[in-house]
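Trainee: Chain residues, written in single-letter form:
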Amino acid sequence: MEMPEPDAEILAKKAQIVARLQAVLPDGAVISDVAQVKAYECDALSAYRCPPLCAVLPSDTGQVSAVLKICHEMGVPVVPRGSGTSLAGGALPTADSVILGVARMNDVLEVDYDNRFIRVQSGRTNLSVTGAVEEDGFFYAPDPSSQLACAIAGNIAMNSGGAHCLKYGVTTNNLLGVTLVLMDGEVVEIGGAHLDASGLDLLGLICGSEGQLGVVTEATLKILPKPEGARPVLIGFDSNEVAGACVSDIIKAGVLPVAIEFMDRPCIEATEAFAHPGYPDCEALLIVEVEGSDAEIDFQLGRIMEIAARHNPVELRQSQSEEESAKIWLGRKSAFGAMGQINDYMCLDGTIPVSELPYVLRRIGELSKEYGLGVGNVFHAGDGNLHPLILYDANKPGDLELAERFGADVLRLCVEVGGCLTGEHGVGIEKRDLMVDQFTDADIEAQLRVKDVFDPKWLLNPAKVFPLQATQARRAG
Amino acid sequence: MMKPVDEQELGAAIAGAEGPLRIVGGGTRGVDCAGNVLSTAGMAGITLYDPGALTLVAKAGTPLAGIEAALASEGQRLPFEPMDHRGLLGLGGVPTIGGVVAANVSGPRRVQAGACRDSLIGVRFVDGRGEVLKSGGRVMKNVTGYDLVKLLAGSYGTLGVLTEVSFKVLPDVETSACVVLRGLDDRQAVAVMARALGSPYEVSGAAHEGGRTMLRVEGFAESVAYRAGRLQELLGGLGEVGVLDNPAQVSAMWQDVRDVAAFQGREGDVWRVSVKPTDAPDMVAGLGADAVLYDWGGGLVWALMPQGADLRARMGDLRGHATLVRGDSFARFHPEPAGLARLSAGIRAQFDPRGILNNNLLNGVS
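For the record, the sequence lines run as chains Y and W.
If you count the first sequence from 1, you need to add 77 to reach this note's numbering.
If you count the second sequence from 1, you need to add 15 to reach this note's numbering.
No lab work stands behind these hints, which were simulated from the structure alone.
Any given hint could be a false lead.
[What the hints assert, rightly or not] Derived coverage of chain W by chain Y (criterion: at least 3 residues anywhere in the stretch with Cβ under 8 Å from a Cβ of chain Y; other residues may be distant):
| hint | stretch |
| --- | --- |
| 1 | 161 to 171 |
| 2 | 236 to 242 |
[Claimed, not checked] Here are the computed lysine to aspartate or glutamate pairs in the EDC-like style, where the Cα-Cα straight-line distance is at most 16 Å:
| hint | chain 1 | residue 1 | chain 2 | residue 2 |
| --- | --- | --- | --- | --- |
| 3 | Y | Lys303 | Y | Glu349 |
| 4 | Y | Lys329 | W | Glu89 |
| 5 | Y | Lys446 | Y | Asp486 |
| 6 | Y | Lys534 | Y | Glu263 |
| 7 | Y | Lys244 | W | Glu89 |
| 8 | Y | Lys410 | Y | Glu400 |
| 9 | Y | Lys91 | Y | Asp110 |
| 10 | Y | Lys446 | Y | Glu400 |
| 11 | Y | Lys404 | Y | Glu349 |
| 12 | Y | Lys410 | Y | Glu346 |
| 13 | Y | Lys329 | W | Glu217 |
| 14 | Y | Lys146 | Y | Glu263 |
| 15 | Y | Lys90 | W | Glu189 |
| 16 | Y | Lys244 | W | Glu217 |
| 17 | Y | Lys303 | Y | Glu383 |
| 18 | Y | Lys410 | Y | Glu263 |
| 19 | Y | Lys303 | Y | Asp213 |
| 20 | Y | Lys244 | Y | Asp220 |
| 21 | Y | Lys329 | W | Asp65 |
| 22 | Y | Lys303 | W | Glu217 |
| 23 | Y | Lys329 | Y | Glu263 |
Glycine included, every Cβ here is placed at the ideal spot set by N, Cα and C.
Build the full structure now, drawing on both the sequences and the hints.
Mentor: Given below as structure tokens:
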């Protein structure tokens, strides 16, 4: 993956840059030691690494503003970083960049149950947002798999999703307001505890802009009352096609499950061997979860099982206890870890129209044979967001590149059938060069012009999202 | 009047325009500005409807009624319950789906299912340069590139003319019921609505008007009966409680809330105020309004004001904003803080460098 050449002038000014940053930050908030900055050399896309010039860990909006102002004046690129869990390289530095980490900004600023929101500093982890309100019966809905570690700042940057989006939406549907610091240090407030924005929906634009338009330091998030209960049903099928058809039929029947998760045979086998959730021996498996009171759950699961029964499932297992529910979910939640036991893997994130599921899974199987690399599929079937896991051997020369070419073919396939390159992980560096497969030059140019408004000097996370050649002139300016 | 039939014609019309253009869908939203009329009526029709994927794609000039009928035939609906402005504004015309998106029109279910922008998953449009552009698509999880979909929703035609819009739709419900409390004052009503919306009983509408506080639940019959009962128990001590469980009556009641029927045919300016729900009663107390309707649990206040009364001045420095929906004594849209205004103006200048699309509408100089 190509990254721009570092600017020699900036590298030469390192001491001066560090000194100015130290002057506006508390002791220990500037990390410039060559050994220590290595901690910031990559995110969860760890195949790509580059230590930054230095890293800063400000404590509040004012400090973030001061840092950006200095970098703006000195023409230094800034790469914002939440918890560094991006699978797309969203927080990958360049050697001439300053990493701006929000990890020390994790306070809860306000909790308001009457108006159902929480205001937090953006470095707070996703799960600890729910943690702050769950004793009082509330939760924050978006639940990316990395929720134990990932920061709200990164969730906003990538517009993260999770398993429960079918009912609750993704980050953008649960975000009410942000405090945003622009690259020149200006602080703007967008939205707040009221529901609608006035004027253009800048909040919607910021969410998912991958840290390229500004740095979010505080966020007002919608919190929801916890449902009375939730329970899954596990359904096994002898083909992917039938499982796909069953998903469509459940949705068409008017039942809206909170999650519909899909796993194929390679994933089921790996997971069974790894976590022993007691999954059936079958080609495809669905976990369908509904919420409500006990009676409501019985009723909804009854409908779902009736529909499933028409598709001749090899297994139809309604959870009978909290314990059994946890076990059913355990398998799904450990699927990535289980695949990781087999080999290194690359996790893709394309979305397709649900109706194309059988065709796309068949094509992925064919590509797997062509490339000679194994693949397992585990994904959010209700919304068509696929996560094919391509297995490769990082120690085998050429294998990573082969896996990347396979991955690119799968993502192009997603676009071909009417879907997109990324459903919840973001473009980062990983899918930068595939943007031309989804967008015309004019579509891309329109997005670049939006960045021009927020960051005319192109200093914020500049080498991400768009193909490098499309942004070269702007980055050089 | 120009009425292009496809994106190419529309692109040529905009690129060749020598002065301001006034973009018109059905003309039912009371949005007015100077310029040659450019109608989207020539671009109509549902281009894709996949009930099993909860997805509908339609050209911008498609009448809303046609879309709602197509969805109803498969037992589905638009989640955000778009308001019909015609009664309130005394207008005729046929609402189009493009107009719904351009004005981000939502209804009472916004508290549960989000606004129009939350269900919108893709747009195609032609910008002020005449370029055909797209963002999003037909899948409900999509973070590829910047989310211009949200930016276009509620941009009132100032960034581009929509040609096609895609939605995530939802199953329609088997039935609905409404828990009604009587005799609460505004502050009590907002507290009751907060309690109901903070309960696990999935309230899909919370409004207060004319001494009635209304809480809607929707779903399968068994669920609706159960949840209405639990709400009644939860709120029983707080006022005189009853349950309306005739679906036709419930539907009529919420259509009246949605379309602000209480103000229809009455003199005065109509304002729509977005605030933090618990701030609403105190704000209303200082308005001197002739009538008020609280929707969204208090987060949306409709106020009927004497003509020419400056509601914004009476809001003081409260966080939130007010739109003048009917009347012409003030700018339609709330002035934005300087930083946001500068960003918004910058974005408009990028998409429409000549400033010809619904010129000045969002600058408040209509």
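Trainee: Taking the hints in turn, state whether each one holds.
Mentor: Against the structure, the hints:
no. : hint                : result
1   : 161 to 171          : holds (count 9)
2   : 236 to 242          : holds (count 3)
3   : Lys303/Y x Glu349/Y : violated, 31 Å
4   : Lys329/Y x Glu89/W  : holds, 8 Å
5   : Lys446/Y x Asp486/Y : holds, 13 Å
6   : Lys534/Y x Glu263/Y : holds, 15 Å
7   : Lys244/Y x Glu89/W  : violated, 19 Å
8   : Lys410/Y x Glu400/Y : holds, 15 Å
9   : Lys91/Y x Asp110/Y  : holds, 11 Å
10  : Lys446/Y x Glu400/Y : violated, 39 Å
11  : Lys404/Y x Glu349/Y : holds, 11 Å
12  : Lys410/Y x Glu346/Y : holds, 14 Å
13  : Lys329/Y x Glu217/W : violated, 21 Å
14  : Lys146/Y x Glu263/Y : holds, 8 Å
15  : Lys90/Y x Glu189/W  : violated, 67 Å
16  : Lys244/Y x Glu217/W : holds, 12 Å
17  : Lys303/Y x Glu383/Y : violated, 27 Å
18  : Lys410/Y x Glu263/Y : violated, 41 Å
19  : Lys303/Y x Asp213/Y : holds, 9 Å
20  : Lys244/Y x Asp220/Y : holds, 12 Å
21  : Lys329/Y x Asp65/W  : holds, 10 Å
22  : Lys303/Y x Glu217/W : holds, 10 Å
23  : Lys329/Y x Glu263/Y : violated, 48 Å
Checked against the numbered hints above, the structure breaks hints 3, 7, 10, 13, 15, 17, 18 and 23 and satisfies the rest.
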